[in-house]
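*Asks:* Starting from the structure of chain A, add chain B where the hints point.
Which chain is which? The protein sequence lines are A and B, in order.
One point on numbering: in the working numbering, the residue at position 56 of the first sequence is 49, and numbering is uninterrupted.
Take the position in the second sequence, starting the count at 1, then add 1; the result is the number in the working numbering.
Treat the hints as calculated values from the structure; they're not laboratory data.
These numbers were taken from a predicted model, which means no experiment stands behind them.
We put the CB at the ideal spot given by N, CA and C, even for glycine.
No false leads were slipped in.
So, partial list: chain A residues that the calculated Cβ filter (under 10 Å) puts toward chain B:
1. G53
2. R67
3. Q218
Examples of chain B residues lying across from chain A (beta carbon under 8 Å, computed):
4. E104
5. K105
6. R107
7. G112
8. T113
9. S223
10. P290
11. L291
12. F383
13. V394
14. P396
15. Q399
16. G400
Letter by letter, the chains look like this.
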Amino acid sequence: MFGTIRALGATVLTLAGVAAVLLPSAARAQQQPAPAAAPAANTVEAIRSRGTLLCGVNTGLAGFSAPDAQGQYRGFDVDFCHAVAAALLGDPGKVRFVRTTTQNRFTALQSGEVDILSRNTTWSFSRDTALGFDFPAITFYDGQGFMVRADSGVTRGSELNGATVCVQPGTTTEQNLADWARANSIQIQPVVIERLEEVTGAFFAGRCDVFTTDISGLAATRAAQGPRGEQYRILEDVISKEPLGPVVRQGDPRFRDIVAWTHFAMVAAEEFGITQQNVEQMAQNDPRPEVQRLLGRTGELGQMLGLPNDWAVKVIKAVGNYGEAFQRNLGPLGIQRGPNRLWTQGGLQYAPPFR
Amino acid sequence: MAPADTTTRVQLETAVALVPGEASAPRSPPMTAAGPVAWLRANLFSSWLSTAVTLLLIYLIARWTIGFVEWAFVNAIWEVPNNQTQACRELKGIGACWAVVTEKHRFILFGTYPYEEHWRPALVILLFVALYVVSAMRRFWRKELVTVWAGALTLIGILMWGGNTAPGLLPQPWEQLLALALLLGAGFAYVRGWIGMVWPTAALVYALLAWVGPVLDMPYVSQERWGGLPITLILATFGLAFAFPLSILVALGRRSSLPAIKTLCVLYVELIRGVPLISLLFMASVMFPLFLPEGMNIDKLLRAQIAIILFAGAYLAEVVRGGLQALPKGQYEAADALGLTYWQKTGLIVLPQALRLVIPPLVNTFIGFFKDTSLVLIIGIFDLLTAGKTAIVEPAWQGFGVEVYVFVGVIYFMFCFAMSRYSQNLEAELNRHRRR
Chain A
-6 MFGTIRALGA TVLTLAGVAA VLLPSAARAQ QQPAPAAAPA ANTVEAIRSR
44 GTLLCGVNTG LAGFSAPDAQ GQYRGFDVDF CHAVAAALLG DPGKVRFVRT
94 TTQNRFTALQ SGEVDILSRN TTWSFSRDTA LGFDFPAITF YDGQGFMVRA
144 DSGVTRGSEL NGATVCVQPG TTTEQNLADW ARANSIQIQP VVIERLEEVT
194 GAFFAGRCDV FTTDISGLAA TRAAQGPRGE QYRILEDVIS KEPLGPVVRQ
244 GDPRFRDIVA WTHFAMVAAE EFGITQQNVE QMAQNDPRPE VQRLLGRTGE
294 LGQMLGLPND WAVKVIKAVG NYGEAFQRNL GPLGIQRGPN RLWTQGGLQY
344 APPFR
Chain B
2 MAPADTTTRV QLETAVALVP GEASAPRSPP MTAAGPVAWL RANLFSSWLS
52 TAVTLLLIYL IARWTIGFVE WAFVNAIWEV PNNQTQACRE LKGIGACWAV
102 VTEKHRFILF GTYPYEEHWR PALVILLFVA LYVVSAMRRF WRKELVTVWA
152 GALTLIGILM WGGNTAPGLL PQPWEQLLAL ALLLGAGFAY VRGWIGMVWP
202 TAALVYALLA WVGPVLDMPY VSQERWGGLP ITLILATFGL AFAFPLSILV
252 ALGRRSSLPA IKTLCVLYVE LIRGVPLISL LFMASVMFPL FLPEGMNIDK
302 LLRAQIAIIL FAGAYLAEVV RGGLQALPKG QYEAADALGL TYWQKTGLIV
352 LPQALRLVIP PLVNTFIGFF KDTSLVLIIG IFDLLTAGKT AIVEPAWQGF
402 GVEVYVFVGV IYFMFCFAMS RYSQNLEAEL NRHRRR
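Next comes chain A alone, as it looks inside the complex:
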C-alpha cells in the first residue's frame, strides 16, 4: 500500500508536469483572443491582428443560434456575426463562436472573452448606461404576446378576461403580464410553471387557455408542434418591448459603427432589392446612386469606416439581405416579420441613408 501511496504522489507530480507542458498552449489560445493591449480601446485592431472575430452566442435558441447535427452554429444571431466578420475581415468564416449563458454573457463581454455579443439581448436603459455597453442596432423587435387555441375564437387581448394564463416565473414575463392586466382592468389567472417544456406541455394539454412569452418564442413553440400548430393562434397584441440586438463594449466608436452599419447595410440591401444572388451584378450595373455608394462603386463609404469599399458586397454575399437572413433562419419557425418589416412596408426596420 505504501508503494501505492508513493505511486499516487508520483502521479500527482507527473500530472502537474503534463499540465505544465500543456497549459502554455491553453494560455496561448486565450492570449490570442485578448492581447495584452487593452482590447476595449481598439477592438478593430485586436480583431484584425488576431484574424478572427470572437462572437458570444446563445448556447441554444432555435432560429437565433443553435448548433446543427454537425455541431455548426446556425441562426439569425449567428449570421449577424458572419456578416460583421465579412465586413471587417473580408471572410464570413473567420468567426469563433463562444457560448454564453444568460448569467455569464455580460462578464464575457466585459472581460474581453468576446468582441461582440450577438445573443438575443434586450436593449434597456440600465444595460446601456450603468453596465457600460453599447447597443449599435436593433436586429429583431420582439415583444411579449399571447397564444390561444384557434377554436377559442379569441382574436384580441381584451377578450382574455377571466382566462387562465400559462407563464414562466422569474423573468420579466410574469411582471409584464400582471402590469398589462392591471392597466387594462382584465382579470386573469396566472398558472406559473418553471420549466419551458413543462409550461408548453401544460398549455398544449389544455391546462390553461393562454400561453404568454415573447412572440418569437411563441412562434417557435407553435412551429415545433408540426401540422398541429395550426390549431393555435398568436394574437396581434404585444404587451412589452423587447428590442434585441448585438452588444459591444462602450468606448470603441469605430467598432460600434462597423457593427451598426453592417446591420443597416443588410436592411438597405433589402430595401433596394439587393440579394445574395444578384449583389455582384447590382454592384456592376445598378444605376441608382445610393446603391452604387452602398456597394462601393462610387464614393469612399468603406474607407470612412476603415474598411475596403466593397465591404457591403461581402456582407450581402455572405448572409444575404436582412429579409433573406430573416426568412432563412426564422421563417421555418413560423415567425412572421411583424414589426421587423421594412419601414416602407409599415415595419420598424429603417436604415439611415448611405451618403
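*Replies:* Same frame as chain A, now just chain B:
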C-alpha cells in the same frame, strides 16, 4: 395425531434399514421444503395478503415492461429521412423516436467539435476507458502505471487540441531525434535500475509531444469547441485525480497538531462545503475574470476544472478524515513505538487501513462528482448532458427530450454502475482479512 406421527417415522427408519444400498445415498428434500418452489412459497405466497401483493406486483411489472418494450422497440422509429420528423410526431408518444438519437448522436457525444475531426474525441473516449480499465486491474498496480497515465493524458491533450500542442517546444527534426534518444536512454537506464521513474515518464511525454502532434498533423481545435462526453470525462478524471491526493493532505492537515495548518485546512473545508458547487462555478466563471487585468484570460474550462477540484477536494477530505478517525489509537501508538517518522507512519500504517475503510463513501462521492460535472452547463460549457439538451433545441426535433435523456442517462449509468460494481469488488478483496 401424535401416535400416527410416530408410526410414520418408525416406518421410514425401517425402510432405510431394509435397503442397505440406498442408505448412504443422500436424498433430496421434498419439493415443498427446499428449492425454488419452496422459496416462492415461503417468501411470495406465504399468506393470502402476500399472494395478493405478489400477483399485483407481477401484473404491474409485466405491464410496465410490455409498455416499455412497445415504446422503446416495437413502435419505435429508428430513422427518418432528412429531418422530416412528421412520422415521429404522428406516433403521439406511443413509440420512441430514436431517429433523434440517430441524427444527433454525434453532436451529443462530441458537441461542437469539428465534424470531420470527430475521430479524435472518439479516440479520446476510448483512451479514457482503457485508462480506467488498466488502472482498475490490481495486477497493474505498480509504479509504471504513473507512466501510463502521463502518456495517456498527454496523448489525450494532443488529440483534443491538435495542431502544435506545445508551441515553441518541438517541431524541429533534431528535437524529434533528441526526444527519441532521450526516451530510449531513459527507458534503458530505468530497466537497468539506474534511475527512478520520473525521468522515463518525462521522456515519454516529451517524445509523444515531439512525434504524435507533428506526425498526425491535425488542425488546431480550441477548447470552446470541445464538448460532449470527452468534456465530462476530462472534468471528472482530472477533477478526481487531483482532488483525491489533495483531500488526503487536507484530511491529514485537519488532524495535525500544528495550529496554523489545522486552521487552514478547517477553513478550506468549511468554506468550500458551505457553498454550493454552482456558486463556485459562478465565481470561477463570472467573478474571477473581473479581478484579472483586462485582456488577460484564463480559459473557462480550466477555471471550471479548478473549481471542481477544490470542491471535490473538500468533500473527499471529510470522507478520508472519517477513515482516519475510525482507526484505533493503538495503531498510531504502535507506529510511534516502532520509531517510524510521520510520513512513514502515515504511508505504511494509517492510510492503507483508513482508505480501505472508506471505500464505499469514497466511491459514493466519486459517482456524485461524475454526475456533478454536468453543472458546468451554467457557464456555457457543453458537457454530455448540455449537449443532449441542446440537440433538441432545433425546431424539427423539439419534443423528443425523453429519447435523448434516455440515451444520455444510459451513458451516465454505464460509467457510474461500472464504478459502483468495481468498488464492491475492491472492497471485498481488500477487506478479505476481516471476514471470518
